[in-house]
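Enquirer: Given next are the chains, with one letter for each unit.
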Amino acid sequence: MRLKKASIALISALSLVVGLAVLPTANAATTVKMVLWPGPEGDAMQKVVDQYNSTKGAKDGVKVKMILLSRDNTFAKEAALMKAKSSEYDIYFTASYLVGQHAPYLSDLKGVKDSLYLKASVNSLKVAGKQKALPLDTSLHFMYYRKDLVASLSANAAKYTSIAKTVLGKDLKPNTDPSTWTWDDALGTAAFFTQKYNPDSPTKYGYALPAKNLLYNTMIWNDVLWGLGGNWLKGGKPNLNTPTGKAAIDVYNTIYTKGLTSPESSQWEYAETNSALTSGNAAMALQWNAAYSELSTTGSTKDQLGIAPPPGKGQRTHVHALAVGLNKYSKNQTASAKWMAFLATEPAMKTYASAGGVPSMPRILKGMVSTNASFANIIEYAGKFGYSESAGPREFDMYAALAEVLSPAWVGQKTSGDVAAAADAAIKKLQK
Amino acid sequence: MSAAFSREKRSAGWILSAPLLLLLAGLLIWPLYLGIKTSLMHDVLSDFDTYYTGLENYKNLISEPNFWNSIRFTLIFAIVATLVELVLGFLLAILFDRIFPGKRILFSLMLVPIMIAPSLLAVMFRLILNENIGVIPGILNKFGLSYAIFDQGNIFTSLIILDVISYTAFTFLLSYSALQNMSQEIYEAAAIDGATTLQILVRVTLPILRPALAIIFLLRFLDSIRTFDSIYILTGGGPGTTTQTVGIYIYKTAFIFGDFGLAAAAAIVLVMLLAPFMPSIIRQFNLGTEPNK
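Chains A and B, in that order, give the protein sequences.
Mapping the first sequence onto numbering that gives the first Met the number 0, position 141 (from 1) lands on 140, and the numbers just tick up by one.
Mapping the second sequence onto numbering that gives the first Met the number 0, position 167 (from 1) lands on 166, and the numbers just tick up by one.
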């Protein structure tokens, strides 16, 4: 009998505890789950999330929880969730080059003030005229070079001309102003600082070429294509099997096959390009603006880092924005919209920039040039040279397909003639 | 009486197997059904609508040169890597099948690569061998030597070496346990008959261990065919598609090109290509025969 009473008491107590744990309290905050990737963006966003949760979020009745998926596979995991019409996460991480693919699964955003953002960034997140995501970081390319080396060119004009003639078969004179470089100037300079041709060169290679089969490397190669006056499409039709398209492929092919870059660069991407520059093995590279912090403070490039726009007569840099979009299947649309409204304010983006992010708001960037000098270049280059392909919903796929088709020619396994038609075919297939 | 007992025994067998069968259904048959279903659909990320297309994905796959190139590369990679690992693992097992000082420590060290995830090993490989900041190129440079490990001419060898470092411990461990089960008397008899060490190895040890070695080869071969993470991290399948395994092909098709239907079709075809190996493995285990008692 006593045992029975004790059992009833125990069950009642357990039920009470479970009930209290499960039942929501009257003023419980709605939790909004947001996906981002780890790294500088995730670290910076955590500060903004903390700020919101402790101030505005408390008033809004919203608590934001950030989920960092892996840097390599965030988009793959999101793809699976989107296709399953999952409501697991309320806010997805996306980007200009992916928003076309993600658009069917994202709610339209209303009330985004275009005037606060870099035009190229905010516009790149519109699909069929509708804002599908909110810009966070702006990414573009700089031509990074060693100032000390480039400055020494003028004292070696004859040698420069001789090496350029031997390696490139062209009559070139040194140009010590990289902001006015053509691709011939860049290649001539790269040849001059390659020990194979100039044993006195302080660097083993003149160039660090990220030539791995990787879609982000296609984005960098695009600068070469545009710099020579080309484009993926002309009148909506693929346009790489043209003299300009082939010339752009040949720039990479020349760098690799002439040994102006390491033979290992066929497997290089962001990290290896940085290490080639900081270790003093390479004199220049087209690279993402995000590398500035590392390059300006590390190794051989410290205090000697020069920045210029990508070479070419029609200088252009790829520009895209990392962004966040609202999951169409989220069960917390209102709460998510409140958080995103906060994220779209200048104070939120100031916190983001202070914590290491590169927000797409020019006023914020301008105010922080003293802490990161490259912010001034970002504003200038995004405005003057910023460009992105507008190839439709499968643009992301096209970047990947082009990396697959073009990378053998970049590294001399094939010629530009072998791959240009296949590149056009790959684009055409994805336009369907 | 006998027939009733046999029926009862069969029923009890089904009842006792039920939890395992349910688990199999949940973990294997259901995903396989979903895979087959997806392979018959137009299921593309950038297209909101999903609809039935019959065998269209299979037709597209068969006419896709990248798929067949990846199958070819995968088979070559799997055969070369498995053979090297089997030979090395077996030789190491013979070496360890005797008593020598420091055996325990060396044995433990041999097993370390098994405990490291292949993806992590690939990242370590990439850092250690990085031409600009890596330890090994740095040491080679000190001696005036250089070897471009990730040069496209050397990349296949580098990938094989990485796989050998990762998985020789597996073939070694299984070969070693097979050797441990061999009776010492057989060796003694062969020695009394005047057989040399090489003769004992070739004419006694290898024939007796043949079934075990066949299983090790098949298990490792099937696993090599699924290689994905290490190669994806090191080369992304490139340049072009020259180092693209079928696993990388499926991953890219699904998660980069967003074509889940085509990726599912490729996965089903891969299963169909691997399925013929299963009877060979099962046969080696002598399933369905009564133990010798």
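By construction, these hints were calculated from the structure, which means they are not laboratory data.
Given the structure is predicted, the values throughout are model-derived calculations rather than measurements.
Be aware that one or more of the hints could be misleading.
As the list claims (entries may be wrong) - Under the rule of at most 25 angstroms between Cα atoms (straight-line distance), these lysine-lysine pairs were calculated in the DSS-like manner:
1) K431/A with K36/B
2) K36/B with K84/A
3) K58/B with K427/A
4) K102/B with K82/A
Enquirer: Could you tell me which of the numbered hints above are not met by this structure, giving the numbers in increasing order?
Expert: Violated hint (a single one): 4; every other hint is consistent with the structure.
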